[in-house]
Amino acid sequence: MAALTIVRPGMLTTVQDLGRWGFQSRGVPVSGAMDWYSHRLANSLLGNDSAMATLEVTLMGPHIRFESETAFAIAGAEFRLTLDDEPIETNRRIQAGPGAILKFGERMGGARAYVAVAGGIDVPKVLGSRATHVLTGMGGHEGRALRTGDALRIGAKGKGKGVITPRPLPLTPVTGGAKLRAVPVDARLFTQLEAQRFRVSPQSDRVGYRLEGGPIADAPTGEMISTAVPTGAIQIPPTGQPILLMNDHATTGGYAIAGVVITADLPLAGQLAPGDWVEFDTCSVDAADPALREREAALGAG
Amino acid sequence: MTGRVVYLGDSCAAVQFARTIDPAVNARCIALASRVERRGVPGVRDVVATYNAVTVHFNPMLIDRRTLEAELDSAARQAASVMEREGRTVEIPVRYGGEDGPDLTAVAAFARCAEQEVVRRHTSATYRVYMMGFLPGFAYMGSVDSRIAMPRLETPRLRVASGSVGIAGEQTGIYPFDSPGGWRIVGRTSIKLFDPSRPDPFLLQAGDRVTFVAV
Numbered sequence: 001m002a003a004l005t006i007v008r009p010g011m012l013t014t015v016q017d018l019g020r021w022g023f024q025s026r027g028v029p030v031s032g033a034m035d036w037y038s039h040r041l042a043n044s045l046l047g048n049d050s051a052m053a054t055l056e057v058t059l060m061g062p063h064i065r066f067e068s069e070t071a072f073a074i075a076g077a078e079f080r081l082t083l084d085d086e087p088i089e090t091n092r093r094i095q096a097g098p099g100a101i102l103k104f105g106e107r108m109g110g111a112r113a114y115v116a117v118a119g120g121i122d123v124p125k126v127l128g129s130r131a132t133h134v135l136t137g138m139g140g141h142e143g144r145a146l147r148t149g150d151a152l153r154i155g156a157k158g159k160g161k162g163v164i165t166p167r168p169l170p171l172t173p174v175t176g177g178a179k180l181r182a183v184p185v186d187a188r189l190f191t192q193l194e195a196q197r198f199r200v201s202p203q204s205d206r207v208g209y210r211l212e213g214g215p216i217a218d219a220p221t222g223e224m225i226s227t228a229v230p231t232g233a234i235q236i237p238p239t240g241q242p243i244l245l246m247n248d249h250a251t252t253g254g255y256a257i258a259g260v261v262i263t264a265d266l267p268l269a270g271q272l273a274p275g276d277w278v279e280f281d282t283c284s285v286d287a288a289d290p291a292l293r294e295r296e297a298a299l300g301a302g
Numbered sequence: 001m002t003g004r005v006v007y008l009g010d011s012c013a014a015v016q017f018a019r020t021i022d023p024a025v026n027a028r029c030i031a032l033a034s035r036v037e038r039r040g041v042p043g044v045r046d047v048v049a050t051y052n053a054v055t056v057h058f059n060p061m062l063i064d065r066r067t068l069e070a071e072l073d074s075a076a077r078q079a080a081s082v083m084e085r086e087g088r089t090v091e092i093p094v095r096y097g098g099e100d101g102p103d104l105t106a107v108a109a110f111a112r113c114a115e116q117e118v119v120r121r122h123t124s125a126t127y128r129v130y131m132m133g134f135l136p137g138f139a140y141m142g143s144v145d146s147r148i149a150m151p152r153l154e155t156p157r158l159r160v161a162s163g164s165v166g167i168a169g170e171q172t173g174i175y176p177f178d179s180p181g182g183w184r185i186v187g188r189t190s191i192k193l194f195d196p197s198r199p200d201p202f203l204l205q206a207g208d209r210v211t212f213v214a215v
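Protein chains in written order, with our numbering: chain A, 1 to 302; chain B, 1 to 215.
What you were told as hints is all true, and nothing was included just to trick you.
Cut-off 20 angstroms, straight-line C-alpha distance, at most; resulting in silico cross-link-like pairs (EDC-like, lysine to aspartate or glutamate):
1) A:LYS179 with A:GLU212
2) A:LYS125 with B:ASP200
3) A:LYS125 with B:ASP195
Selected chain B positions facing chain A (in silico; Cβ < 10 angstroms):
4) TYR7
5) CYS12
6) GLN16
7) ARG19
8) VAL47
9) ALA49
10) THR50
11) ASN52
12) MET61
13) ASP64
14) MET132
15) GLY133
16) PHE134
17) PRO136
18) SER179
19) ALA206
Since the hints were made in silico from the structure, they are not lab data. We put the beta carbon where it would ideally sit given N, CA and C, even for glycine.
Chain B extracted, bound-state conformation (with noise of 0.2 angstroms):
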């Protein structure tokens, strides 16, 4: 899989693959990833798997663009051949509705079901962790079932509470910190993100699976 590289500025490179949101090109995305950090190219500072993309921070008085793109072919190459390591899959145990879950009975009525069906479908799935992103800890995760994949808020709300679970379409993510946010609060859990006193501070990365279960 080839990807093309487009300059956003001259600090930071993208690597482009498919334009949809699809699992095994996420996968070969986060092995991408994966590849050329662990190669710990002198004067990259930060490397960045999204849904159909890998983004590359660098230095460019450290490192010149050809150099650059030359581990990125390299990188491309072994990570072709590398199967995609079997993520961890965490379960997230959320409180929904009520004050917790504000907009459940909005996605219910968008489902046409009752507010409990709408939660069996949210814990029925496992879903991808395709990219970290928005706040530190926030993961995309999908694909929500499509009956309850109602579209965002049309005007975001000032804000969020930390450990909110929302839904944006066919993206659900938790809210780790207080924020403005857009997407439809169906519930909250208490499990923190993000926590800078563990040692790993973040809780879920890119290729994980999570689940929901009520509590």
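Pulled out of the complex, with its shape left as it was, chain A reads as follows (with noise of 0.2 angstroms):
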């Protein structure tokens, strides 16, 4: 049967989809991959399904072996790769023979990549997703990052749609910092926002990243009613100091909302790192629509 095995894991590796969706109103969060986009290019350069699980890997890749023959594709952050020692290319479909060992190298650019394997990662659905919760130990393998010596299966080919034509364009790449565009939703605040850059503070991970700038003058203090708040969510706590709700972060929270970035942009965010900065771009509902089309085209899939 068609596996993996992970030789070293790298500094967080794990199985993700598109998301655990349904079960928001019983308080379980949605996870998935942070960049939404280069998971689904990787799968389709592949023919898979986009809801397939992948690898997410971040900062620091794994190595892992191929037991047996597979085709694979990496997308999203740029690493040094190898396959048996010799260097390969992200964004392209590429055969692994029994035994072949793919290295994640040096880091150049963006913060997660994306190894699709032709199939699926496979492993058992948790609530009808395979993504990896970390906080709760839900789903992916064991409900945990990878460890050497992890052993995944990969899922039986078909039922993808074939090669989507014409290629996929990457993401642009992610070097250094990103704009982010976002729906205001307290204009007083989020004026306050956009009049400046922060900075992605170490204390950042897949629950959320804490922004360091500002601070946001005026932010509500005293006990909030909570409400439910999506992905992308630019909290405004009573420190001031923002917050960026990832793709972990709990379905509901009380903190003052300023903003929260268009679905288009959320593949930017995931690809930032401590250290890097942000900024924030009014973008109007309206205006998000087309922002997001653009992103669906350049996958073939507009």
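Mind docking these for me? Both chains are given alone in their own frames, and the hints should help you get the complex.
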């Protein structure tokens, strides 16, 4: 049976898909790929269904051994990559023979890369999804980050659309920082956000990015009634230090929301590493639709 | 009851009602959320009722905002005439105080009464599950007797044990997992609020009623 083995795990490698939808009313976070665009691109290069699970690689990548003949593709952050010590490229379908070893080397831009295999990573679904939520140990491979020695099954091929033509375009590389388009929710708070550049602090992870800069003045204090919040929401706690909510964020929160990053730009947010700069630009809800359609078209799906 | 639609980004719409915690408003939110879910609108991915709002997460490539708003409007009119479903009452056994309730002493001091009296007041009420959030299976319940409604910790604990029963102002809740937490922990239950091996993994949902029993 097709499988791969983790030889070295890298900093944080988890199984992800397009998220665990349908249970936010029960407090279950959506999780899933932080850069949905690169996850889908890697899958599309193999004719995989976009919902098939990939491995999300973070900052420092793994060494992986393919136990049998496997077609794979990598998209997202740029790394020096080798297969059996020969350099290989991202954004391409590559064939690995049995025993071939994929190694992630130096990271050159972006924060997260997606390793897709033909047939998808086959771990049990939990509440309809293979996405890993590490805090609660839900989904993925045993609900956790991958470790040396982990063996993962690869799904049976088929039911894919075949390789999409024209060739999908990789996401604009994120090197050093990004401008994120966001829909304002609180005009007074958002105006202050727009006016400055922030830095992604080291206290940033899949739950959210704590941003250095500001502080944003007149952030509401006191007990606020919890409301449901989406990924991409920019919260302003009483300290005035913004928090950009990412995929593993809790479904509800009690902090003021200044604005929400548009779906089209969540992949850019997913490519930010600690130390990178962030700027926010106003985008109306109406302007967000063509931005998303542009991404879909670049994927070859539009 | 008409709500105001606020877009939180391009894939999330919140229908907001009052600005307070009110059982009647919450009941309408739960009814509306239930109605929207049951319509099975293509493109709608999640419907979340909170204290005083209903939030709809949707795929903007599959449903446009005008259609979504029309669906919400239709659902709101249907929900207005629906009686709140008879929620279940779930009884939760709790070991109060000691190592299981490290904040029981502080709550007793706040309430200026004996620890046993805090337990009596906490177990005398039937609580409403207003909403689920924070963690899978975490229920925000209210309202706690004002005499023991102590505000949350200024600095959250790094780790609160799974099953811990807490108070934060007029809210009470149970931590379904080990997690950081800022609520005042008065006791602990062995009941699992989230168990993926059960046919319905979630013990509680919005609209249920909960009572606590000291064991």
